[in-house]
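Those sequence lines, one after another, are chains A and B.
Mind the numbering: the first sequence is residues 437 to 775 in the working numbering, read in order.
Mind the numbering: the second sequence is residues 713 to 1045 in the working numbering, read in order.
For the record, the hints were derived by calculation from the structure and aren't laboratory data.
There may be inaccurate statements among the hints.
Pair by pair, the computed Cβ-Cβ distance ranges are [what the hints assert, rightly or not]:
id, chain 1, residue 1, chain 2, residue 2, range
1, A, G681, B, G768, 17 to 25 Å
2, B, P910, A, R753, 46 to 54 Å
3, A, D703, B, H858, 34 to 42 Å
4, A, D513, B, D774, 27 to 35 Å
5, B, E766, A, R704, 55 to 63 Å
6, A, G604, B, S921, 58 to 66 Å
7, A, Q718, B, G768, 53 to 61 Å
8, B, R842, A, R704, 54 to 62 Å
9, B, G768, A, E639, 46 to 54 Å
10, B, N1045, A, P490, 55 to 63 Å
Where a beta carbon is used, it is the ideal one built from N, C-alpha and C, also for glycine.
The residues making up each chain are set out below.
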Amino acid sequence: MAKAKSTKAKSTKPAGKPAGTEDVEDLLQMYEQMVRIREFEDKVNELYTSAKMPGLAHLYIGEEAIAVGVCEALNGDDYITSTHRGHGHCIAKGAAVDIMFAELLGKAAGYCGGKGGSMHIADQANGNLGANAIVGGSAGIAAGAAFSAKRLGTGQVAVCFFGEGALGQGLLYETMNMAQLWKLPVIFVCENNMYNEYTHYNETAAGTLAGRAEAFGIHTEEIDGQDARVVNEAAKRLVERARKGEGPSFLICNTYRYHGHHVGDIDRAYYRPKEEELEWQQRDPITILADWIIGQKLSDQSVLDHIKADVKSEVARGAEFALNAPYPDPSEVDTNVYA
Amino acid sequence: MSTPNGNGRVITMGQAIKEALAEELRRDPTVYVMGEDVAEAGTAFKVLKGLVDEFGTDRVIDSPISEPGITGLGVGAAMTGMRPVVDIMFGDFSTLIMDQMVNQAAKIHYMSGGKLKVPMVLRTTMGATRRSAAQHSQSLHAWFSHVPGVKVVIPSTPYDAKGLLKTAIRDDNPVVFFEDKMMYQLKGEVPEEEYTIPLGVADIKREGSDITIVATSSMVQVSLAAADMLAEIGISAEVVDPRCTFPLDKEALINSAKKTSRAIVVDEGYERYGVTAEMASVIADGAFYYLDAPVKRMGAMDVPIPFSPVLEDLTVPTPDTVFEMAKTLCGAN
Ligand SMILES: Cc1ncc(C[n+]2csc(CCOP(=O)(O)OP(=O)(O)O)c2C)c(N)n1
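Only chain A is shown next, with the shape it has when bound in the complex (with noise of 0.2 Å):
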C-alpha cells in the first residue's frame, strides 16, 4: 500500500446510503462484464488456435476485475486508452463483442472497419480511444484527451491503462510531469502482471512502482487487482478526485496474466515457473466476487449462473456474426488515409 485511502474515499457512495453497503446491481454488472471478457477471450483463443483469426492476440484473462473494475467507475463519455492486451477494456467500456469479434477477424463489420486488429481497437462511441501496440505509446493521448476535456469544461476524465512494462517509456513520466503540473482529470493504471513480455519486472524497474509517480506528486495508490471491488472504490475515489480538478492519480493493480504473453506463448516455463501460475489462479477475480455475492447473500449462485450461461450463447452468437461476415471492400484499402 502506498497510501492510506484518502478521507474523501466514503463520499464517493451516495448520500444516505451506509457505507459498505453494496449496490447489488453494480456488482452484477462487475461479474457480467467479467464474465463477458472471460468468455470473449476463450473464444478468441479457440478462434486463434484454430487458425481462424490472423495476427497476434494477447489474452487479459486473469486480468478482467481491472478492466471492469475502473470502466464501472466511468461514465459512458469518459476517455480510456488502452494497450496491446486491450480486449478486457474494450469490453468493459461498452465496446459490443460481435463487432469486436468482426474487427479481429478482419471483417468489415468490425470497430474499425478490419483496418485495426486486435491491437487498435477503437470505440469512440464509448470513449474508447483506441487500443495502442506501442508500450507506453498513449500516454500523451490519454493525458491529451484529459487536457482537453479540461479546456473545454466537460467533465470527462481520461483514464490511461498500461502495463507495468511501460513504465520503461520516458513518455510516461513526461506526461505525469504535465499532468501534475497542470492538474489534469487523468487516471494512469498500471496494471502489473508482473512480466514485461518474458521478463520479470524486478529485471527491468528500478526502485518502487509507486515512487515513480510520488516523485512527481502525484497521489498514488496500490491495489489487489484481483478483487473487483477493490478496483472499483478505488477507481470512484481517483475519478471523483479528477473530477473535482484534484488532478492526476496513479493506482497499481497487483494482477496476473494466466495465459502466456500473446496466445502462441505456450511454453513458459523458463520464465514463470508452474505453480506461481496455479497460485495465482486460486486468487481468480471472478471467482473472488461471485464468492462475495454469495457470501454476503446479496445473490444466489443461479442468478449467476443464468447471467453467465447468457453470456456465453452471446459470445458464441458474436463469433459466428463475425466468422460469417464479409471482409473489406478491396476498395476500403486506401480510403481513411486522411480525414
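Given chain A, work out where chain B with the ligand should sit, using these hints.
Same frame as chain A, now just chain B with the ligand:
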C-alpha cells in the same frame, strides 16, 4: 501565377506566422499553442512574442522540455475536440517525437477505420547556415513526407506561410509545418484581409521557358537569385514552389517541365533518399518524352552539417551552385 498582390503591406515571415496563429486563436476557441518557451519568450526565435498577451497562458502554453509529451498531448487533445498547434523548437528534435507522429498521429484515422481524427499542427523549423552545427541545422521534412497519414508544408514566403498555416490549422489531419529559421526576417507582401491557401497547390514563383527549377522553402530564394543570374546569360528559368511535400502538386511540376524540357529540383534536406528524389521521379515519369536532359537533384550534402562557417556554407545549395547546375543542364558552358 506568382504570389498575389499583398496590397503593398510588407511584413516578415515571422510576423506572418504570428498573425496566422493569432487569427486562428481568435476564430476558434479550440485552437491552442503549446511548446517550450512559446508564451512570455514567444519561442526561442521570438516569432510568437506578444501572442500570449492577447490569448493568455491558457491558450499559449509554456511546456516542459518534453517533446514526445507535448506531441502526445497534442494527439490526444486533437482526438477529443481541440485543434492543437505543437511547437517543436528545432526540427532536429523531431527525432524525439517520431513515435507520436508516425505511429500515433499518422495512423489513428486509418487504424480506427475513419472513426478518429487528429486535427493537429506540428510547427517546427528547418535549415542550415546559422552556424548551429549538426544537431540544430537539419531539414528533416523528408522523414514526415515518407509517412502516409501526415501532410507536410514547407512555405517560402510570408504570404504563403500565413495562408498555409491557417489552412493547416483548419485541416482535420496531422500537418507538419516547417519554417526555415533563417527566413523569419524575410519580408514580403501580405494583405490585411483574411485569406487561406489550399494545401497541395504549387505556386510558380517566376515564369520562364528554358529550364524548370523546383525549389522548396529557403531554396526558393536561392533559386530566384540563380534565375536572375541565368537571365543575364540569356537563360530563362521558371521557379516552381510546391509549397507542400504532401500533398504534392505533381501536375504543376510535370507541366512546368514539359514546358521547359529541363528540370532541377532543389531542396535543403539531405540529398540521398530525399524529397528531391521523389520530385525528380515525378517529373521523369510524367514528362519523360518532353525532357532534353535528365532531371537533376540538389540538396544538402550528405554529411552532418558542420559548424565552421567555411564548411557549413559548402553543404547547402547556393545561388552559384544552382546557377552552375542550370547552365550545365542547358548546355551553356
Ligand atoms: C515501444 C515498444 N517496445 C516493445 C514492444 C514489444 N512488446 C509488446 S508487449 C511487450 C511487453 C509489455 O509488457 P507490459 O507493458 O507489462 O504489458 P503486458 O503485456 O504485461 O500486459 C513488449 C515488449 C512494443 N509493442 N512497443
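Outcome of the hint check:
1. A/G681 x B/G768: 17 to 25 Å: The hinted range 17 to 25 Å holds for A/G681 and B/G768, with Cβ atoms some 18 Å apart.
2. B/P910 x A/R753: 46 to 54 Å: 48 Å, holds
3. A/D703 x B/H858: 34 to 42 Å: 39 Å, holds
4. A/D513 x B/D774: 27 to 35 Å: Since A/D513 and B/D774 have Cβ atoms about 30 Å apart, the given range 27 to 35 Å holds.
5. B/E766 x A/R704: 55 to 63 Å: 60 Å, holds
6. A/G604 x B/S921: 58 to 66 Å: 60 Å, holds
7. A/Q718 x B/G768: 53 to 61 Å: 56 Å, holds
8. B/R842 x A/R704: 54 to 62 Å: 55 Å, holds
9. B/G768 x A/E639: 46 to 54 Å: The hint (46 to 54 Å, Cβ to Cβ) holds, given that B/G768 and A/E639 are roughly 47 Å apart.
10. B/N1045 x A/P490: 55 to 63 Å: 60 Å, holds
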